[in-house]
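Peer 1: Protein chains in written order, with numbering that gives the first Met the number 0: chain A, 0 to 394; chain B, 0 to 97.
Incorrect hints may have been included.
Calculated cross-link-like contacts (lysine to any residue; reagent style SDA-like; alpha-carbon spacing at most 25 Å) [said to hold, decoys possible]:
{"hint": "1", "chain 1": "A", "residue 1": "K126", "chain 2": "A", "residue 2": "G165"}
{"hint": "2", "chain 1": "A", "residue 1": "K97", "chain 2": "B", "residue 2": "E86"}
{"hint": "3", "chain 1": "A", "residue 1": "K11", "chain 2": "B", "residue 2": "D49"}
{"hint": "4", "chain 1": "B", "residue 1": "K54", "chain 2": "A", "residue 2": "E124"}
{"hint": "5", "chain 1": "A", "residue 1": "K312", "chain 2": "A", "residue 2": "G362"}
{"hint": "6", "chain 1": "A", "residue 1": "K97", "chain 2": "B", "residue 2": "R30"}
{"hint": "7", "chain 1": "A", "residue 1": "K97", "chain 2": "B", "residue 2": "E66"}
{"hint": "8", "chain 1": "B", "residue 1": "K54", "chain 2": "A", "residue 2": "T102"}
{"hint": "9", "chain 1": "A", "residue 1": "K11", "chain 2": "A", "residue 2": "E36"}
{"hint": "10", "chain 1": "B", "residue 1": "K54", "chain 2": "A", "residue 2": "P327"}
{"hint": "11", "chain 1": "A", "residue 1": "K158", "chain 2": "B", "residue 2": "R10"}
{"hint": "12", "chain 1": "A", "residue 1": "K11", "chain 2": "B", "residue 2": "R30"}
{"hint": "13", "chain 1": "A", "residue 1": "K97", "chain 2": "B", "residue 2": "A93"}
{"hint": "14", "chain 1": "A", "residue 1": "K48", "chain 2": "B", "residue 2": "T11"}
{"hint": "15", "chain 1": "B", "residue 1": "K54", "chain 2": "A", "residue 2": "V99"}
{"hint": "16", "chain 1": "A", "residue 1": "K126", "chain 2": "B", "residue 2": "G16"}
{"hint": "17", "chain 1": "B", "residue 1": "K54", "chain 2": "A", "residue 2": "H121"}
{"hint": "18", "chain 1": "A", "residue 1": "K158", "chain 2": "B", "residue 2": "D34"}
{"hint": "19", "chain 1": "A", "residue 1": "K97", "chain 2": "B", "residue 2": "R56"}
{"hint": "20", "chain 1": "A", "residue 1": "K97", "chain 2": "B", "residue 2": "T11"}
{"hint": "21", "chain 1": "A", "residue 1": "K126", "chain 2": "B", "residue 2": "R2"}
{"hint": "22", "chain 1": "A", "residue 1": "K126", "chain 2": "A", "residue 2": "K21"}
{"hint": "23", "chain 1": "A", "residue 1": "K21", "chain 2": "A", "residue 2": "T329"}
{"hint": "24", "chain 1": "A", "residue 1": "K301", "chain 2": "A", "residue 2": "D265"}
{"hint": "25", "chain 1": "A", "residue 1": "K126", "chain 2": "B", "residue 2": "R55"}
{"hint": "26", "chain 1": "A", "residue 1": "K158", "chain 2": "B", "residue 2": "E66"}
{"hint": "27", "chain 1": "B", "residue 1": "K54", "chain 2": "A", "residue 2": "T112"}
{"hint": "28", "chain 1": "B", "residue 1": "K54", "chain 2": "A", "residue 2": "G34"}
{"hint": "29", "chain 1": "A", "residue 1": "K158", "chain 2": "B", "residue 2": "V15"}
{"hint": "30", "chain 1": "A", "residue 1": "K158", "chain 2": "B", "residue 2": "A93"}
{"hint": "31", "chain 1": "A", "residue 1": "K214", "chain 2": "B", "residue 2": "M0"}
{"hint": "32", "chain 1": "B", "residue 1": "K54", "chain 2": "A", "residue 2": "G57"}
{"hint": "33", "chain 1": "A", "residue 1": "K11", "chain 2": "B", "residue 2": "G16"}
{"hint": "34", "chain 1": "A", "residue 1": "K71", "chain 2": "B", "residue 2": "D34"}
{"hint": "35", "chain 1": "B", "residue 1": "K54", "chain 2": "A", "residue 2": "H161"}
{"hint": "36", "chain 1": "A", "residue 1": "K158", "chain 2": "B", "residue 2": "H8"}
Don't read these hints as lab results, they were simulated from the structure.
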Amino acid sequence: MSGVRVLVGTRKGAFVLTADGKRQRWDVSGPHFGGWEIYHMKGSPVDPKRIYASQTSGWFGQIIQRSDDGGKTWHQPGTPPGEPTTGPGGMPKAESNKFVYDTSPETGKPLTTHQWYDGTQHPWEFKRVWHLEPSLSDPDLVYAGVEDAAMFRTTDGGKNWHELSGLRGHGTGPQWSPGAGGMGLHTILIDPTNPKRIYVAISAAGAFRTDDSGKTWKPINRGLHSQYIPNPNAEVGHCVHRIAMHRARPHVLFMQKHWDVLRTDDAGESWREVSGNLPTDFGFVVDVHAHEPDTIYVVPIKSDGEHYVSDGKLRVYRSRTGGNEWEPLTKGLPQENCYVNVLRDAMAIDSLDKCGVYFGTTGGQVYASADAGESWAPIVRDLPAVLSVEVQTLP
Amino acid sequence: MIRVILPPHLRTLAHVGAEVTLDVAGAVTPRSVLDALEARYPMLRGTIRDHVTGKRRPMLRFFACEEDLSHEPPDTPLPDAVASGAEPFWIVGAIAGG
Numbered sequence: 000m001s002g003v004r005v006l007v008g009t010r011k012g013a014f015v016l017t018a019d020g021k022r023q024r025w026d027v028s029g030p031h032f033g034g035w036e037i038y039h040m041k042g043s044p045v046d047p048k049r050i051y052a053s054q055t056s057g058w059f060g061q062i063i064q065r066s067d068d069g070g071k072t073w074h075q076p077g078t079p080p081g082e083p084t085t086g087p088g089g090m091p092k093a094e095s096n097k098f099v100y101d102t103s104p105e106t107g108k109p110l111t112t113h114q115w116y117d118g119t120q121h122p123w124e125f126k127r128v129w130h131l132e133p134s135l136s137d138p139d140l141v142y143a144g145v146e147d148a149a150m151f152r153t154t155d156g157g158k159n160w161h162e163l164s165g166l167r168g169h170g171t172g173p174q175w176s177p178g179a180g181g182m183g184l185h186t187i188l189i190d191p192t193n194p195k196r197i198y199v200a201i202s203a204a205g206a207f208r209t210d211d212s213g214k215t216w217k218p219i220n221r222g223l224h225s226q227y228i229p230n231p232n233a234e235v236g237h238c239v240h241r242i243a244m245h246r247a248r249p250h251v252l253f254m255q256k257h258w259d260v261l262r263t264d265d266a267g268e269s270w271r272e273v274s275g276n277l278p279t280d281f282g283f284v285v286d287v288h289a290h291e292p293d294t295i296y297v298v299p300i301k302s303d304g305e306h307y308v309s310d311g312k313l314r315v316y317r318s319r320t321g322g323n324e325w326e327p328l329t330k331g332l333p334q335e336n337c338y339v340n341v342l343r344d345a346m347a348i349d350s351l352d353k354c355g356v357y358f359g360t361t362g363g364q365v366y367a368s369a370d371a372g373e374s375w376a377p378i379v380r381d382l383p384a385v386l387s388v389e390v391q392t393l394p
Numbered sequence: 000m001i002r003v004i005l006p007p008h009l010r011t012l013a014h015v016g017a018e019v020t021l022d023v024a025g026a027v028t029p030r031s032v033l034d035a036l037e038a039r040y041p042m043l044r045g046t047i048r049d050h051v052t053g054k055r056r057p058m059l060r061f062f063a064c065e066e067d068l069s070h071e072p073p074d075t076p077l078p079d080a081v082a083s084g085a086e087p088f089w090i091v092g093a094i095a096g097g
């Protein structure tokens with residue numbers, strides 16, 4: 000019987016939640032990596048037992064963890080203990096937590112600074128991995144979105160990581176600036192019909208696209224309007240919180256920006272606002288129904304100083320028309336005295352026949368709907384603040 | 000034999016107990032001890048010293064013989080008691096909440 004595995008990253012560890020296809024009775028495993036921030040976990044679409052996790056700490060820095068058995072056991076995929084850490088010629092061997100920006104004379108030399116809060120230029124400094132996106136066809140190939148914003152790639156299952164420096168080097172990098180949460184590359188979407196085409200989103204720079212596997216990139220922010228930046232229609236500088244795609248229609252993207260929900264029908268060449276009747280157009284998550292490309296979900300958040308849901312009510316909003324017309328989904332969700340947030344990587348969709356929707360809150364709840372959002376129930380209520388939620392649909 | 004006390008999270012990463020023992024060739028300094036530690040336990044590379052600068056991570060401290068050695072140059076010889084194995088070299092996570 001089919002089932003699901005929900006991967007939950009929290010401020011203090013990782014949790015793996017599993018259920019059969021009914022999604023009513025759950026087994027909870029964890030905390031894994033207790034005490035560490037788990038920014039993101041994601042499984043390989045071609046090998047669901049292969050899961051990657053970003054484990055970080057203000058004390059000890061970045062760790063990459065990998066599981067080859069569906070999250071039961073984990074290891075750091077670099078050089079095993081006891082093996083020499085240098086190879087022939089003294090070259091360092093695999094270091095799975097080493098994310099070093101490209102400073103090579105050929106490709107990295109101009110990639111020196113971005114805009115700082117005071118308008119001056121500031122050097123890029125690696126802080127953590129925000130998002131891990133495994134390839135759609137190769138379990139050893141994974142993309143990593145990091146803070147300060149850049150894209151890295153491993154082709155050996157996480158043992159070594161190398162920057163795709165064309166993103167920082169395409170020309171607008173010096174205009175990127177950190178948002179309140181840092182300057183993170185938080186979203187990576189791979190076109191299932193053309194794996195050379197990848198979309199990324201960065202706070203606070205905007206959305207970008209490559210059509211050649213990451214060698215060259217272009218900003219795709221035409222139509223975004225951000226009234227709080229000096230040029231509201233600038234090419235970059237927009238605080239994009241999340242973008243989402245339906246795999247059957249990869250040229251259509253939906254975006255939750257700092258303010259505004261938007262969509263593009265031409266692979267990001269132009270965007271239009273579809274916030275419609277949402278109670279607030281601020282939020283972090285946006286996701287798409289597994290089988291209905293025009294059914295999308297957001298969780299409106301009271302902007303801009305509070306960052307919790309409006310009126311004490313936790314409401315997912317669904318549009319079945321690709322935006323503009325939205326309906327609140329509240330059955331089973333708290334409708335009084337609720338003041339949580341749902342962060343940008345904390346919503347996921349399974350692909351069972353009756354589409355499941357999942358999200359986690361800063362209050363430590365993970366909610367699941369086994370009927371496309373009509374009704375909800377908590378899987379767990381009292382985890383540490385949830386940073387990310389992913390779901391694997393298992394055969 | 001040099002004794003090193005690790006903070007709990009690094010013990011978990013390295014799959015060891017609180018104390019590890021290391022052979023250190025040549026002068027016993029913070030740098031040579033950490034080099035030996037990372038050679039034995041590669042998964043600790045980058046967790047104590049920055050990958051690029053080689054500097055101590057800001058929220059870690061080094062102690063030995065009840066002295067804070069965190070700001071000593073990395074090639075400063077450690078006390079004889081550490082070099083002889085009588086006292087351990089401590090790597091301590093800063094007491095910082097949040």
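Peer 1: Any hints this thing doesn't respect? Which numbers, in order?
Peer 2: 2, 7, 10, 12, 16, 21, 22, 24, 26, 30, 31 and 34
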